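Peer 1: Sequence:
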Amino acid sequence: MNNYHLKELRKKRGYTQQQVADELGVTKATISKYENGLRDINRTNIEKLSKLFKVDPIYILTGKSDTDWENIFEEDRQESEKQDREYWKTILFTGAISQVAPLLDQLNDEGQQKAIERVQELTEIPRYQKDKTP
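Read in the UniProt record's numbering, the sequence shown has 43 at position 43, and its numbers run on one by one without any break.
Rather than coming from a laboratory, the hints here were simulated on the basis of the structure.
Do not take every clue at face value.
Simulated pairs of lysine-lysine, DSS-like, Cα-Cα distance not exceeding 27 Å [as the list claims (entries may be wrong)]:
(1) Lys-28 - Lys-48
(2) Lys-28 - Lys-64
(3) Lys-33 - Lys-7
(4) Lys-48 - Lys-7
(5) Lys-64 - Lys-54
(6) Lys-89 - Lys-132
(7) Lys-7 - Lys-89
(8) Lys-28 - Lys-54
(9) Lys-82 - Lys-114
(10) Lys-28 - Lys-11
(11) Lys-89 - Lys-54
Ranges of calculated distance between the beta carbons of each label pair, as one might list FRET restraints [unchecked claim]:
(12) Lys-64 - Glu-117: 37 to 45 Å
(13) Glu-8 - Thr-44: 16 to 24 Å
(14) Thr-94 - Gly-63: 38 to 46 Å
(15) Glu-124 - Gly-63: 53 to 61 Å
(16) Lys-89 - Leu-38: 45 to 53 Å
(17) Ser-98 - Tyr-128: 17 to 25 Å
(18) Gln-99 - Ser-50: 57 to 65 Å
(19) Pro-126 - Gln-78: 27 to 35 Å
(20) Ala-29 - Glu-75: 36 to 44 Å
(21) Glu-124 - Thr-90: 20 to 28 Å
(22) Lys-33 - Thr-62: 14 to 22 Å
As the structure is a prediction and not an experimental result, all values here were calculated from the model.
Where is the CB? At the ideal position from N, CA and C, for every residue including glycine.
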């Protein structure tokens, strides 16, 4: 069963349970059961409530307005973009490694150690450092 956010909405709009019951053609007890999650609201009554309170039926079911959903979708979009950026960083890094690995493979242990030292030296030179601003 669902709470439907009906009680909050009813009070916000200044209706009594009896007034809402009269609008829907049900008993006050039915409205109480809707508000306390003891009974599901049928589709017809959700539509009537939506018109009475001037809200989207989804708001009655979830308590979320169109703006709330837009914010959720925006957060999802931003998270998706962040994951995409991380994915492409990984792909590019993997590509760089795939170019360097065969070169390192041509070196003996001492040569590989020197190559690592050279890369470490490059990371300390500002000209070769990435811009750290996001």
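Peer 1: Against the 27 Å threshold, does the CA-CA distance of Lys-64 and Lys-54 hold or violate the hint?
Peer 2: Given pair Lys-64, Lys-54 holds - Cα atoms ~14 Å apart, limit 27 Å.
Peer 1: That 14 to 22 Å hint for Lys-33 and Thr-62 (C-beta), does it hold up?
Peer 2: holds (19 Å)
Peer 1: For the pair we were handed, Lys-28 and Lys-48, check the Cα-Cα distance against 27 Å.
Peer 2: Roughly 16 Å between the alpha carbons, so the hint for Lys-28 and Lys-48 holds.
Peer 1: Is it true that the C-beta distance of Ala-29 to Glu-75 lies inside 36 to 44 Å, as the hint says?
Peer 2: holds (40 Å)
Peer 1: Given the proposed pairing of Lys-48 with Lys-7, does the C-alpha separation stay at or below 27 Å?
Peer 2: Distance ~15 Å between Lys-48 and Lys-7 Cα, so the pair holds.
Peer 1: Decide if the proposed pair is consistent with the structure: Lys-89 and Lys-132, CA atoms, cutoff 27 Å inclusive.
Peer 2: holds (15 Å)
Peer 1: Do Pro-126 and Gln-78 keep their Cβ atoms within the hinted range of 27 to 35 Å?
Peer 2: holds (31 Å)
Peer 1: Can the suggested window of 37 to 45 Å be confirmed for the beta-carbon pair Lys-64 and Glu-117?
Peer 2: About 56 Å separates the Cβ atoms of Lys-64 and Glu-117, which means 37 to 45 Å is violated.
Peer 1: Could one say that the CB atoms of Glu-8 and Thr-44 fall in the range 16 to 24 Å?
Peer 2: holds (22 Å)
Peer 1: Next pair to validate is Lys-28 with Lys-54; report whether the Cα-Cα distance is within 27 Å.
Peer 2: holds (21 Å)
Peer 1: Need the status of pair Lys-28, Lys-11: alpha-carbon distance at most 27 Å?
Peer 2: Satisfied, since the Cα-Cα distance of roughly 15 Å is no more than 27 Å.
Peer 1: For the hint 20 to 28 Å, verify it against the beta carbon of Glu-124 and that of Thr-90.
Peer 2: holds (25 Å)
When each numbered hint is compared with the structure, violations occur for hints 7, 9, 11 and 12.
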